[in-house]
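Protein chains: 2
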Amino acid sequence: MPTINRRHALAAGAAAIAAPAIATATAVQAQTAAPAPAAGPGQAPGFYRYKVGDITVTAIHDGFFNRPLEGFIRNAELPAVQAAASAAFLPTTAVPIPITTLVVETGGKLVLLDTGIGNVGAPTTGNWLANFRAAGFDPARVDSIVISHFHGDHISGIRLRDGTAVFPNAEIQVPAPEWAFWMSDERMAQAPEAARGAFQNCRRVFSPLAAQVKRFEPGAEVGSGITSVAAYGHSPGHTAFVVSSGNAKLLYMADTSNHPAFFVRNPDWSAVFDMDADMARATRRRMLDMAASEKTRLHFYHAPFPSNGYVAKDGNGFQFVPAQWSPAV
Amino acid sequence: MPTINRRHALAAGAAAIAAPAIATATAVQAQTAAPAPAAGPGQAPGFYRYKVGDITVTAIHDGFFNRPLEGFIRNAELPAVQAAASAAFLPTTAVPIPITTLVVETGGKLVLLDTGIGNVGAPTTGNWLANFRAAGFDPARVDSIVISHFHGDHISGIRLRDGTAVFPNAEIQVPAPEWAFWMSDERMAQAPEAARGAFQNCRRVFSPLAAQVKRFEPGAEVGSGITSVAAYGHSPGHTAFVVSSGNAKLLYMADTSNHPAFFVRNPDWSAVFDMDADMARATRRRMLDMAASEKTRLHFYHAPFPSNGYVAKDGNGFQFVPAQWSPAV
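These protein sequence lines are chains A and B, in that order. Here our numbering is used: the first residue of the first sequence is 1, the next is one more, and so on. Here our numbering is used: the first residue of the second sequence is 330, the next is one more, and so on.
Don't read these hints as lab results, they were simulated from the structure. One thing to keep in mind: the hints can contain errors.
[As the list claims (entries may be wrong)] Sample of chain B residues at the chain A side, in silico, Cβ under 8 Å:
hint, residue
1, A373
2, F376
3, R378
4, P452
5, T556
6, Y639
7, A641
8, G644
9, N645
10, V650
11, W654
Ideal placement from N, C-alpha and C gives every residue a C-beta, glycine not left out.
Based on the provided sequences and hints, a complete structural model is requested.
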């Protein structure tokens, strides 16, 4: 377990004071996404708790973004993509791509695997903080934030649009190769105009506390019972995590696959988000093969909430089988 | 829409006064089923809201009972049953069979389709009332209760063990052939000793207000936009319901199939609960075939929560495809 450095908490300033404003902003966004019927509240809060051995994990839902199928997948014709959507009983024009992070309670610490998109995303997102609180958690009590990669829907929750640090007492751990790529001004200058925003967002999130961000080499332990696993391709340093306790194991896939209905079912398909399509495909195949053989429980960042289940081989691809929801944790 | 008769509300007596006692009993049971970790509450409340056209429906989870696989299915060998459990990543000794009812808000009325097992079931059940309240509902505001069949996990929620009516202002509608069968003293006398309890439970639930229970012939409309559909076999008068609004439709399957991992996947398998196995099998095949062709959204009483999705043909059976969870109602 790395040493916790809380100095950046001071730099983060008045985050605790700003908390009510955060909650209000989130509630407004939640309301936009899910208007409550007159008879009662809208949807149940988007959290789901389960055990991995002695470790308790909680999936926290942020919301979804609507992704048009046209232009979604680089190497498949639109009718094939629409057929995959149809087979999953999803709409065939645009599909809701859900966003769900994982909270890990381990070794007396509260650890976040990714943070959602914060308050800088589409109106259908931005519910993470409300759901995190509904699950009984307090952002000020977060000890450690571990990031899989630097895409906006994973890191933006660290800092509100107005600059406030949401987790004033948390250390931040990031994959070293992600930091090296995204924080390089040379890389940013080389990037096409459309990709520039992603680089700028990394600076928005990390620059105020750059000296305190801990960079780890994938393979390192990042928390008690949490091991990082190189899963490059989706982004240069994209990293998965294994949470293990006794004989129990959960593999946090991050974006090794985007929505399972497309990329678990057809592991050779490449989402436009995969920065190195060939490497991402090889990583995806390798990890899905291993998970299917070992019947490993998986968390997919972009699977339907509560975003966990198993994969089974099926033809040239895999089927995603959601774990059965249980009222008992 | 049938006329609402509230006279039995008077017979039900002091149910409103007894409400806090009900809540306490339920909370205690919920606690037994799902102990809360120190960090916060346990599981998110078990309700899930969605739209069927202009109608809002809410799935309400009651809990689950653990069913040993041995002796579960009449016409399949244990290894085949275990293989089906394995394919669904369920345990292969006993599987949790979930219980989830449906609340329908239609035509200004609050209508329940079945009521769960109340406080007379196993400790892993009995969460229905807490989840119903968490969804913003009040038992005293229920206008109508519509019952699919008279098995205990569908009707027992109407009345607490101590005799209290839980829904003091609700009319009760039941399939006429269910009433004729279960309320017949002759049938009860003929029943084997092990089946006698089910007959007695029907008397416990219904006798105090027998004159006010409205019996309908399957095929009848039982609420605004809710049509009953004969689905005999699981029990003599087992009835499904179609909820429809505009072009949208939801088919409430009740127990036409028990857990989909077994009986949607293998529609010819007969659960020990199916009272007329051949008729139940024919009904199941017919309804699943229709639902697959028409891509009808389905609610299964015993599917994993939130218990709704679709079926697609697959070999000699069907695959159950859960509808994607959405934070937006």
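Once the shortest beta carbon distance from Y639 of chain B to chain A is found, is it less than 8 Å? 5 Å, holds
Min Cβ distance, V650 of chain B to chain A: is it shorter than 8 Å? 5 Å, holds
Return the status of the interface hint for F376 of chain B: holds when the least beta-carbon distance to chain A is below 8 Å, violated otherwise. 5 Å, holds
With a cut-off of 8 Å, does the beta carbon of W654 of chain B approach a beta carbon of chain A closely enough for the hint to hold? 4 Å, holds
Does T556 of chain B meet its interface restraint, that is, does its C-beta lie within less than 8 Å of any C-beta in chain A? Violated. Min distance 22 Å.
Checking hints one by one. Is N645 of chain B an interface residue toward chain A, by the C-beta closer than 8 Å rule? With Cβ-Cβ at 17 Å, over 8 Å, it is violated.
Let me know if the C-beta of R378 of chain B comes in closer than 8 Å to any C-beta of chain A, holds or violated. 6 Å, holds
Hint status (Cβ of A641 of chain B to nearest Cβ of chain A, threshold 8 Å): 7 Å, holds
Would you settle whether the hint for A373 of chain B is holds or violated, based on the nearest Cβ-Cβ distance to chain A being less than 8 Å? Holds - the Cβ of A373 of chain B comes within 8 Å of chain A, reaching about 5 Å at its closest.
Evaluation of the interface hint that places G644 of chain B against chain A, nearest CB under 8 Å: 12 Å, violated
Against chain A, is P452 of chain B within 8 Å by beta-carbon distance? 10 Å, violated
The structure is inconsistent with the numbered hints 4, 5, 8, 9, although it conforms to all the rest.
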